[in-house]
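Protein chains: 2
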Amino acid sequence: MKTENAMAATASLRALEPVQGPAIPLGNAARKNIAKVPTKCSSCNLRELCLPCGLTGLDMDRVEELIYTRKRMERGENLYRAGDTFNSLYAVRSGFFKTVQTLEDGRDQVTGFHMAGEIMGMDGIGPEEHGNSAVALEDSEVCVIPYSRLESLGRDMHLLHRQFHKVMSREIVQEQSVMLLLGTMRAEERLAAFLLNLSQRFTARGYSASEFNLRMTREEIGSYLGLKLETVSRAFSKFQEDGVISVHQKHICILDVGGLKRCMTRKGN
Amino acid sequence: MKTENAMAATASLRALEPVQGPAIPLGNAARKNIAKVPTKCSSCNLRELCLPCGLTGLDMDRVEELIYTRKRMERGENLYRAGDTFNSLYAVRSGFFKTVQTLEDGRDQVTGFHMAGEIMGMDGIGPEEHGNSAVALEDSEVCVIPYSRLESLGRDMHLLHRQFHKVMSREIVQEQSVMLLLGTMRAEERLAAFLLNLSQRFTARGYSASEFNLRMTREEIGSYLGLKLETVSRAFSKFQEDGVISVHQKHICILDVGGLKRCMTRKGN
DNA sequence: CGGGGATTTGACACATATCAAGAGCGGTGG
DNA sequence: CCACCGCTCTTGATATGTGTCAAATCCCCG
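Chains as they are written, first to last, in this note's numbering: chain E, 334 to 602; chain P, 334 to 602.
Honestly, I wouldn't trust all of these hints.
Note: identical chains are not told apart, hence a pair may lie in one copy or across any two.
What the hints assert, rightly or not - With a Cα cut of at most 35 Å, we get these calculated DSBU-like pairs of lysine-lysine:
{"#": "1", "residue 1": "Lys404", "residue 2": "Lys561"}
{"#": "2", "residue 1": "Lys594", "residue 2": "Lys561"}
{"#": "3", "residue 1": "Lys561", "residue 2": "Lys373"}
For the record, the hints were derived by calculation from the structure and aren't laboratory data.
When you get a sec, could you build the whole thing from the sequences and use the hints?
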């Protein structure tokens with residue numbers, strides 16, 4: 334089983350390299366932005382994770398019509414910003430994103446981290462403008478899904494509509510579980526839950542469940558978990574002392590999954 | 334402008350009495366549960382708030398096919414429970430609900446309060462079972478929307494589908510704002526934000542923005558806001574001392590909206 | 001009128017924030 | 001290649017907000 338470890342060696346390698354084929358030199362401003370789609374949904378190895386999941390034969394062929402542009406993003410670039418008018422959803426094809434929401438008084442919070450196969454931008458459908466900003470945490474690529482096209486294609490592909498509803502519903506469920514985390518868990522419990530969630534998502538993508546590189550800073554983790562970066566750092570150190578994980582900068586090994594799961598549960602209960 | 338105050342006098346009166354027509358004696362176990370629909374969407378005074386919002390003429394007529402049962406609920410009854418298989422969405426027709434999510438170790442949290450015109454149960458679409466439980470906080474009534482029917486009706490009523498997407502999207506946005514609240518706000522800020530949110534939703538339903546009765550206990554408010562009930566109580570007292578609201582048990586008057594809004598913002602910033 | 005739950009308030013404990021200093025690491029330029 | 005700079009991270013000391021525990025009051029309901 335391939336570990337994220339291996340690819341951490343060369344920072345220029347893409348997080349989801351197998352999706353990419355041979356590494357493509359990036360940072361080439363000339364042809365970076367919009368590009369014709371070289372890969373179809375039906376041959377994309379994220380299809381079982383992404384929007385087309387569950388579609389078969391004919392439907393899978395037709396779903397290609399959904400995506401006619403991809404977009405390269407450099408680390409730090411904004412995919413969209415709060416207030417931008419809503420036009421499209423975005424599927425992460427490679428790389429890693431965060432979404433950030435800002436309060437009137439300037440306080441902000443990371444509301445999510447998004448990896449390959451996940452859909453971003455659904456917050457914009459209702460208000461017709463985005464309520465948060467999406468930022469690439471590493472060089473990334475997204476498939477652009479024009480919402481109007483999703484609507485019209487869904488008209489005769491009922492499964493696509495149904496699939497889309499499931500994706501939105503799962504987003505609701507995911508957010509509810511973050512609310513639960515923020516409302517009821519203590520610092521170490523939050524971090525344990527966060528690491529287990531990441532681990533499980535990496536597993537679903539064929540990466541090691543126990544070894545991976547964080548794409549975000551302690552501050553971003555803290556923002557997402559409603560903690561200060563110092564508290565996140567202390568919790569990492571505590572887990573390491575207890576021997577449930579090992580931490581070297583952004584590189585994490587989960588040494589004792591059971592132990593980490595126990596960290597997620599209230600002590601003395 | 335009618336205030337909620339008036340109807341608070343008689344506890345047996347329904348929260349959204351005008352929706353109900355003349356008060357109907359409840360607690361009649363014999364004919365309580367399922368009932369034929371006596372009122373159509375097109376003549377329901379919640380139509381501008383509820384799922385059919387934005388539909389016109391013909392579409393509005395056809396949308397009646399969506400709902401063929403309503404359900405009466407007594408205070409304390411469960412509309413659905415976590416783990417129930419998902420079949421339907423529910424639109425609150427009258428009354429008031431909370432949704433509660435539970436962690437494996439028994440800790441739980443109120444993830445939402447739901448009033449007339451709001452849709453519950455969308456968390457169940459993806460997993461095909463409900464992830465939380467919905468409980469009536471007072472005698473209530475819901476319209477049952479079978480999901481399969483919503484899907485099939487949406488096939489030739491594109492606006493219905495689009496409207497449904499908006500409703501789901503708004504749920505996502507709403508939850509993100511709760512995440513922001515839980516992650517970044519302090520106790521008094523949370524309570525102020527909560528009261529202003531309630532006020533605004535009552536306003537949208539034609540009730541007083543400044544005077545209303547809470548349907549939930551301090552403990553339920555605390556659970557929703559990630560606080561203990563004592564903290565909620567102290568924050569209420571503080572607001573009252575400061576003269577921004579007056580509190581008598583569950584009865585709330587907002588005396589100074591601007592002041593309350595300032596309470597929502599970080600002090601000395 | 002009595003009883004039980006909800007609410008308020010106080011005293012104190014504790015988890016996390018805040019402030020501060022220093023170490024580690026990566027990138028850049030000489 | 002090395003030195004430097006800036007950013008991230010770690011760790012300690014202390015402050016503070018909220019939780020916890022406890023007691024008294026209020027209020028609804030039978």
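- Task: Go through the copies and call it for Lys594 and Lys561: within, between, both or neither, with a Cα cutoff of 35 Å.
- Result: both (22 Å within a copy, 25 Å between copies)
- Query: Is it within, between, both or neither when you check Lys404 against Lys561 at 35 Å Cα-Cα?
  - Reply: within (33 Å within a copy, 46 Å between copies)
- Message: With identical chains, the pair Lys561 and Lys373 could be close in the same copy or across copies; at 35 Å between alpha carbons, which is it: within, between, both, or neither?
- Response: Answer is neither: 42 Å inside a copy and 52 Å across each miss the 35 Å cutoff.
Hint check: a violation occurs at hint 3 only; the rest are consistent with the structure.
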